[in-house]
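Enquirer: Protein chains in written order, with our numbering: chain R, 5 to 517; chain U, 13 to 218; chain X, 21 to 267.
Fair warning: there could be bad hints in the mix.
[Claimed, not checked] Calculated cross-link-like contacts (lysine-lysine; reagent style DSSO-like; alpha-carbon spacing at most 27 Å):
# : chain 1 : residue 1 : chain 2 : residue 2
1 : R       : Lys90     : X       : Lys172
2 : X       : Lys171    : R       : Lys351
3 : X       : Lys171    : R       : Lys90
4 : X       : Lys184    : X       : Lys147
Hints were generated in silico from the structure; no laboratory data involved.
Each chain is listed here by its residues.
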Amino acid sequence: MSIENQAAPTTPAGRTGDGAPANLTHGAGASVTMPPRGPEPQPRGAIIRGNHPIDQQEAARRFMAAPQHLAMHDQRLWDLRQKRDKQKDTIEEWEDLRQLASDIKTHTLTHLDTYLEQFERNAKANGVIVHWAKDADEHNRIAVDILKSKNAKRLIKSKSMLTEECGFREYAGDQGIDVVETDLGERIQQLDDEAPSHVVVPAVHKLRTDVAEVFARTLGSDPNDSDVSYLTEQQREHTRPLILTADAGMTGCNFAVAETGSVVVCTNEGNADLSANTTGLHIVSMGIEKIIPNLNSLAVFVRMLSRSALGSPITQYTSHFRGPRRGAEMHIIIVDNGRTDRLGLEKFWTSLKCIRCGACMNTCPVFRRSGGLSYGATYAGPIGLIIDPTFNRHKYSTLPFSSTMNGSCTNVCPVKINIHEQIADWRQVLAENHEIPAFKKSMMKAAGALLASPRLYRASLPMADSALRHIPRFMLYNRMNTWTRGREMPSVPKETFHQWFKRTRGKDGKKKS
Amino acid sequence: MSSTDSRAAIFAAIRANRPNVQPPQPDVPLFDTKAPTDLVAAFSDMLGKMGGSVLDPQGQYPINALRAAVANKGIIATAVPELHGDPSLQIRQVLPDMDPHSLANVEIGVVRAAFGVAETGSVCLTDTELQVNTLGYLPQHLIVLLDPARIVPNLHHAYRQPEFHEHNYAVFQTGPSATADIEGVLIHGAQGVRSLRVLFCAPQAG
Amino acid sequence: MRVGLFVPCYVDAFHPEVGQATLELLERFGCDVDYPFDQTCCGQPMTNTGCHKESKATEELFVRNFKDFDYIVGPSGSCVNHVRNNFDAVEQTDEVKHVREHTYELVEFLHDVLKVDAFPWAEFPHKVTLHNNCNALRGLNIASMTELREKKFSKPRDLLSKVKGLELVDITRPDECCGFGGTFSVFEEATSARMGQDKARDQAKSGAEYVTSSDSSCMMHQEGCARRLGLPTKYIHIAQILNGARA
Numbered sequence: 005m006s007i008e009n010q011a012a013p014t015t016p017a018g019r020t021g022d023g024a025p026a027n028l029t030h031g032a033g034a035s036v037t038m039p040p041r042g043p044e045p046q047p048r049g050a051i052i053r054g055n056h057p058i059d060q061q062e063a064a065r066r067f068m069a070a071p072q073h074l075a076m077h078d079q080r081l082w083d084l085r086q087k088r089d090k091q092k093d094t095i096e097e098w099e100d101l102r103q104l105a106s107d108i109k110t111h112t113l114t115h116l117d118t119y120l121e122q123f124e125r126n127a128k129a130n131g132v133i134v135h136w137a138k139d140a141d142e143h144n145r146i147a148v149d150i151l152k153s154k155n156a157k158r159l160i161k162s163k164s165m166l167t168e169e170c171g172f173r174e175y176a177g178d179q180g181i182d183v184v185e186t187d188l189g190e191r192i193q194q195l196d197d198e199a200p201s202h203v204v205v206p207a208v209h210k211l212r213t214d215v216a217e218v219f220a221r222t223l224g225s226d227p228n229d230s231d232v233s234y235l236t237e238q239q240r241e242h243t244r245p246l247i248l249t250a251d252a253g254m255t256g257c258n259f260a261v262a263e264t265g266s267v268v269v270c271t272n273e274g275n276a277d278l279s280a281n282t283t284g285l286h287i288v289s290m291g292i293e294k295i296i297p298n299l300n301s302l303a304v305f306v307r308m309l310s311r312s313a314l315g316s317p318i319t320q321y322t323s324h325f326r327g328p329r330r331g332a333e334m335h336i337i338i339v340d341n342g343r344t345d346r347l348g349l350e351k352f353w354t355s356l357k358c359i360r361c362g363a364c365m366n367t368c369p370v371f372r373r374s375g376g377l378s379y380g381a382t383y384a385g386p387i388g389l390i391i392d393p394t395f396n397r398h399k400y401s402t403l404p405f406s407s408t409m410n411g412s413c414t415n416v417c418p419v420k421i422n423i424h425e426q427i428a429d430w431r432q433v434l435a436e437n438h439e440i441p442a443f444k445k446s447m448m449k450a451a452g453a454l455l456a457s458p459r460l461y462r463a464s465l466p467m468a469d470s471a472l473r474h475i476p477r478f479m480l481y482n483r484m485n486t487w488t489r490g491r492e493m494p495s496v497p498k499e500t501f502h503q504w505f506k507r508t509r510g511k512d513g514k515k516k517s
Numbered sequence: 013m014s015s016t017d018s019r020a021a022i023f024a025a026i027r028a029n030r031p032n033v034q035p036p037q038p039d040v041p042l043f044d045t046k047a048p049t050d051l052v053a054a055f056s057d058m059l060g061k062m063g064g065s066v067l068d069p070q071g072q073y074p075i076n077a078l079r080a081a082v083a084n085k086g087i088i089a090t091a092v093p094e095l096h097g098d099p100s101l102q103i104r105q106v107l108p109d110m111d112p113h114s115l116a117n118v119e120i121g122v123v124r125a126a127f128g129v130a131e132t133g134s135v136c137l138t139d140t141e142l143q144v145n146t147l148g149y150l151p152q153h154l155i156v157l158l159d160p161a162r163i164v165p166n167l168h169h170a171y172r173q174p175e176f177h178e179h180n181y182a183v184f185q186t187g188p189s190a191t192a193d194i195e196g197v198l199i200h201g202a203q204g205v206r207s208l209r210v211l212f213c214a215p216q217a218g
Numbered sequence: 021m022r023v024g025l026f027v028p029c030y031v032d033a034f035h036p037e038v039g040q041a042t043l044e045l046l047e048r049f050g051c052d053v054d055y056p057f058d059q060t061c062c063g064q065p066m067t068n069t070g071c072h073k074e075s076k077a078t079e080e081l082f083v084r085n086f087k088d089f090d091y092i093v094g095p096s097g098s099c100v101n102h103v104r105n106n107f108d109a110v111e112q113t114d115e116v117k118h119v120r121e122h123t124y125e126l127v128e129f130l131h132d133v134l135k136v137d138a139f140p141w142a143e144f145p146h147k148v149t150l151h152n153n154c155n156a157l158r159g160l161n162i163a164s165m166t167e168l169r170e171k172k173f174s175k176p177r178d179l180l181s182k183v184k185g186l187e188l189v190d191i192t193r194p195d196e197c198c199g200f201g202g203t204f205s206v207f208e209e210a211t212s213a214r215m216g217q218d219k220a221r222d223q224a225k226s227g228a229e230y231v232t233s234s235d236s237s238c239m240m241h242q243e244g245c246a247r248r249l250g251l252p253t254k255y256i257h258i259a260q261i262l263n264g265a266r267a
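Could you put the whole structure together from the sequences, leaning on the hints where they help?
Expert: Structure representation (structure tokens):
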């Protein structure tokens with residue numbers, strides 16, 4: 005039990021060790037204090053070349069060439085995975101909850117029309133104005149029209165992957181709206197003009213020294229002070245006046261409850277509540293798949309979300325917006341933007357179950373080593389690999405190959421999406437639709453022909469008496485021997501198993517004595 | 013395309029693309045067979061783990077402890093009948109028609125929770141208790157009164173409470189506002205309150 | 021019991037001693053083992069790359085080679101997982117179904133089918149750390165997984181606990197993929213090598229002299245990374261330890 009006898013400090017927390025409790029390890033915090041690192045220039049994300057397929061490996065290579073960033077990123081996310089494991093161990097019914105969560109989503113996604121109608125009916129009865137948007141453009145237009153109708157100039161908003169997906173901030177900016185992100189990580193990314201690299205911790209790829217540089221450049225803070233308490237306080241002090249002078253607020257939506265017409269938003273900072281409650285206008289961006297039937301279902305998801313995401317039992321704030329405050333307006337924009345198409349994909353529709361907890365990213369060994377921006381798409385990591393190609397099959401055709409398909413993502417998924425199997429299924433779809441590079445395809449054709457023929461296969465193996473011992477071609481798949489860039493070649497034995505067997509046992513398989 | 017046309021298009025697409033399975037709606041159990049018997053202790057433990065703390069009355073009447081906790085701490089905003097507004101003590105009474113921004117310079121807000129959740133150490137604050145919703149986040153610090161008899165074991169029980177049907181706004185607040193967005197270093201008071209303390213006390217009779 | 025010995029292509033080419041140990045081990049337990057001469061590969065490299073059509077003929081060849089056996093046993097979780105769980109390019113005839121259902125990874129065959137309770141000939145007086153191939157772990161379920169809340173078990177550990185003198189030590193991230201990933205190892209070479217190097221460092225830090233696994237492919241990759249880093253760790257297939265290798 006934590007008992008505090010003294011009155012709370014009346015001054016701002018200040019820097020760590022100076023009034024603020026040092027080394028806090030609860031909630032979303034790291035369970036071990038990491039050594040300060042840097043400075044080291046921040047590696048940037050994938051190079052976007054129009055509609056060209058993303059070269060994730062190229063960006064990953066640059067990320068891995070920045071050892072300070074790589075070490076912090078890997079350690080932070082692996083720590084989140086371990087904290088998640090500890091939470092899982094405290095909940096006896098954990099696997100039952102995962103199954104329930106998955107079943108509730110299956111039920112809801114197969115009755116999406118029923119529940120959306122019920123949600124709309126209840127939300128309207130609560131005094132909410134409901135809008136429908138088929139795509140990103142329509143979402144953006146509706147939101148900006150609402151803002152303009154209220155003569156709103158400044159919009160404070162909490163983090164929403166849907167608004168990222170829609171490119172809302174850029175659109176609203178072009179329309180003269182000053183959009184202020186209020187989540188710390190998202191604000192850092194906004195100020196640095198960079199997309200979020202992770203659905204839950206948007207700036208997790210940045211070192212504190214990177215943040216110090218961004219804040220010095222944009223907020224005028226001390227470029228040489230990278231103390232995290234200082235940086236966080238700088239942001240609070242700079243954002244608060246913007247919050248207090250904003251004309252409207254916008255939030256995303258983690259869950260939409262059909263039974264009550266409520267939207268539920270989960271944050272650790274309380275910034276969604278600030279965004280929604282400080283001004284007279286609250287706009288909610290909601291994807292159609294966010295719907296769940298009722299409050300009993302909501303309990304299942306709230307129990308899983310933060311435990312899966314950050315290894316904390318619940319987000320510091322779980323906020324339920326059922327209707328507008330007295331004298332205020334509340335709008336909900338319900339968005340499709342490709343979701344109904346995804347619903348029709350037999351092998352991939354269950355990806356709509358995703359609750360954006362990011363657990364698959366935290367556990368993914370590829371993600372941890374390459375950074376979320378290396379994927380060059382709104383959704384990075386394992387869940388991104390199976391969602392991104394539905395937005396643009398060509399541009400994101402390479403992403404399903406940025407995986408070892410080890411299956412850890414599937415195991416941590418709180419709604420039991422078979423992520424690694426869908427990655428394999430996407431590879432097949434892409435190969436069959438000529439969305440893999442021609443050299444890869446022809447290599448596989450050649451390998452297939454070779455491996456289907458015992459004679460050709462035997463001929464391709466390194467010979468015992470060959471002066472030049474080399475790895476068989478079909479195992480390299482490439483004229484360039486990429487294997488040896490980071491590894492030694494295996495040594496080639498005197499004879500293959502096949503030759504040994506033939507020599508010692510003969511065709512009849514009996515031991516020669 | 014108007015929003016109405018889009019609505020129709022979305023529903024048509026949903027019906028056309030409906031996955032070919034018809035699973036029943038699963039029942040959600042209460043998962044409370046092993047719920048702790050001492051809910052106050054379980055709640056307090058979780059609250060501590062989430063960065064909040066229990067305000068110990070140290071043998072005083074809880075209300076006296078509350079008065080002591082807010083004395084000479086700057087501007088106080090109260091939404092509880094246990095602590096009345098008193099300009100001479102810089103204690104402001106929160107009233108429903110106040111401008112949400114007017115709470116920006118408050119040092120400590122005082123509010124009563126509808127109930128608490130032992131599983132997570134959360135308090136449920138609704139628009140009725142808060143009077144002005146920003147009381148929950150604009151003050152620097154928050155003191156929450158909680159009736160020890162109003163603690164439910166877990167979130168399954170919590171979501172069976174009537175509050176979520178009755179209030180336009182309800183929040184589970186669990187400890188203070190926090191962020192670990194920079195290298196996982198946890199900082200209290202990212203945007204909302206820098207500290208949250210819970211004082212156990214039953215509401216005044218009547 | 022007629023057992024078809026399935027020797028995956030890289031075991032054939034690079035680790036014949038693993039095939040030999042597997043064969044001898046099965047024979048020690050009285051299995052009537054045959055090695056079909058015309059075997060090549062399971063087809064995984066093509067399927068793994070999305071090219072299912074291209075792996076059809078290889079899968080058909082596999083079925084022709086192994087359809088007449090009671091069991092098919094191979095020293096590789098990855099290849100066995102492919103046959104059992106992903107053999108979809110080929111038409112699902114009764115023969116194909118038989119092959120899929122009766123193909124076993126060596127450890128699970130010893131543990132579940134032969135139910136071996138002793139390896140009297142085995143002695144390995146070394147510190148060893150175990151690497152579970154991801155397909156063997158999450159596809160064939162040869163051990164409990166750290167991500168799931170489930171009862172802890174490990175078939176390879178059970179078997180290794182019967183080896184005299186062997187001391188098992190743990191690494192810090194036991195379930196973490198080593199980055200081999202089949203064609204991933206050459207197409208996404210940088211990430212693959214980095215993951216393998218991290219794995220090799222973790223193994224070396226554990227104080228283990230040896231890494232063992234029921235999969236040669238992961239170890240081929242890990243060993244290549246360890247050599248590049250100049251780490252002293254040695255790599256040995258579990259079949260060799262169970263068959264009585266001393267070092």
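Enquirer: Just to be careful, I want the Cα atoms of X/Lys184 and X/Lys147 compared with a cutoff of 27 Å; is the pair within it?
Expert: Given that 27 Å is the threshold and the Cα spacing comes to 12 Å, the pair holds.
Enquirer: Would you mind confirming whether the straight-line C-alpha gap from R/Lys90 to X/Lys172 stays at or under 27 Å?
Expert: 15 Å, holds
Enquirer: Against the 27 Å threshold, does the CA-CA distance of X/Lys171 and R/Lys90 hold or violate the hint?
Expert: Roughly 15 Å separates the two Cα atoms, so the pair holds.
Enquirer: Do the alpha carbons of X/Lys171 and R/Lys351 lie within 27 Å of each other, as the hint requires?
Expert: 31 Å, violated
The structure fails to meet hint 2 from the earlier list, while all remaining hints are met.
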